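In the working numbering, the protein residues as written are 1245 to 1855.
Calculated pairs, EDC-like style, for lysine to aspartate or glutamate (alpha carbon to alpha carbon, straight line, at most 20 Å):
{"#": "1", "residue 1": "Lys1257", "residue 2": "Asp1574"}
{"#": "2", "residue 1": "Lys1325", "residue 2": "Asp1280"}
{"#": "3", "residue 1": "Lys1327", "residue 2": "Glu1290"}
{"#": "4", "residue 1": "Lys1269", "residue 2": "Asp1439"}
{"#": "5", "residue 1": "Lys1320", "residue 2": "Asp1729"}
{"#": "6", "residue 1": "Lys1498", "residue 2": "Glu1562"}
{"#": "7", "residue 1": "Lys1692", "residue 2": "Asp1716"}
No lab work stands behind these hints: they were computed from the structure. These numbers come from a predicted model, not from an experiment.
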Amino acid sequence: MQINPSDPATIPKFVDELPKPIIAKPKYCRGQQKNDYYELVMMEGEHRFHKHFPKTLIWGYNGLYPGPTIEATKDKTIYVKYKNQLPLQHFLPVDFTLHAANDSQEVRTVTHLHGANVDWQSDGHPEAWYTRDYRHTGPKFNKEIHEYTNHQPGTTLWYHDHAMALTRLNVYAGLAGFYLLRDTLEERSNLPCGDYEYPILIQDKSFNEDGSLFYPDEPPFPVPVHPSITPGFVGDTIVVNGRLWPYLDVEPRKYRFRFLNGSNRRGYVISLSNGQPMIQIGTDGGFLSTPQAIQSVELLPAERTDVIIDFSSCEGQEITLINTDTDFSDEHTNVIMQFRVILPLKCEDTSEIPGRLAVTMDLHSHHAHIDRQLPLTATTDEFGRPMLLLNNRMFHDPATEKPSLDSIEVWSFINATAFIHPIHLHLIQFKILERRPFDLELYESEGKLEFTGPPEEPRDYERGWKDTVKADAGKMTKIIMHWKDHIGHYMWHCHFLEHEDHDMMRPILVMKDVHAVQQPHAAIEHPTQQEETTAPTNNTNTTHHNESPAPLLNAAQNLSNEEEMPAHSIEDESISVHVANNAQQMPPLLFPSKPTHSHTNRHRHRRTRRF
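Let the hints inform the model, and build the full structure from the sequences given.
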């Protein structure tokens, strides 16, 4: 069969060996301690995704995809300079109607260390972007060298581009890499390491017939803008550490895998084809207190999990890492990679799965200073395109989430859309408290939050520290966090990158020496005792499959004209949803663009800028 990169059915699986990203080497710089300073150059490169593909144009840190892995040590500060040496024009379709893209340079970058406890000036604020050689800079740009103090537990972090209105394109082009933070707990725990530890970056991509990356230049419904952002993009192939459906030859012993979902939109439910459990030892924010066996783990974009897989009783087996997520799945995207237990054991496996890991440091709701209710809603933009909002506001509206330094807050995401959203908070790690279904129709019509079932505990694989959480459709998702160490300008946003680039992102202003003031919410209708003890009932369609009908979107009128809070109020607290009387229906198909195998539209985008 002739291999066609645009048709996954023609691409052989498990013919490329899984590579391990190279380790970044420090570079001496005057004024910085040797071994503490790194330079990574964002540049164009060529990458071979499959042994039978031609080389593909990508953008990468040091021209590599994935970028070099930075290894850091807890409480030891390092400095990283991300130099932009990219072309002045993008090779993927730029939508010039988006905020910041309309009147700024076409190619802009800024790197965010995802999950890091870091000063805001080194956080990679989306408006701290800069162009090649810093010729143009964004309004929040203030330093060329990022300072990472690493004052947090050891964990799996990742760095990726975060430029305003370009994140979806720059990350898809290849601007992503691992940042592994190690601590003494890891050293004492005798976990699999060295050749037996692999960071695993999972992304989905699509290709044109010539092997170049495909990304749509319009959504799957008519819009008056071209090129235009699409509500979400899912590819038709699975790429792991830069290779399509790779294999890894392993010994019959324990291995440690740090899984990261780096996709734009696709979620994964990861498990092993032989039914063997994985031993989870960590989540986004670091080690669990106790390792636990899990049959599968769901990872939405930006989520990580740290697991040990024991192949000691699997000698001679071929085990597939599979994806059982039901969104946009097919026979190709439900396969991720393959493990082949065919290598001889080099030496005795003395690594361990410890009985205990991190000391439990839970947060308690009764200590919270503020309890915020934050709606996730849908509307349309001026071009009639679907647009998702946080707290009924667009990115440029004044900050409403202004936590006080050293305060504990509870945030409740009220997802009034028909789709899941992975919500990411910069700076902090949080714990998930609960999810709870509510009457969506009542909430949309009257702004009342009435629960229709009892609280649901976090899933078994998300009980540790997190920086990204799945906000289920038709549910309230409640988290708790401690704002500490830093003040300044941060972000919270959906980590579906197309949503993030199209205003599903809001500022956080962490303030010092202020008294946290709880603002009143709209009255919440609580279930009766009978409702508490019966099975949840919710007739609202909350599925998020691509077969779902288009939801009715409420036009969010006058979002920026709401009344100001009294001058003496420190916290500008969120309010309940106000639904316009004349709700509009959004364009059909508010779900990610999934490429077909018809090649009529698989040409490279034209560089037209007509709106």
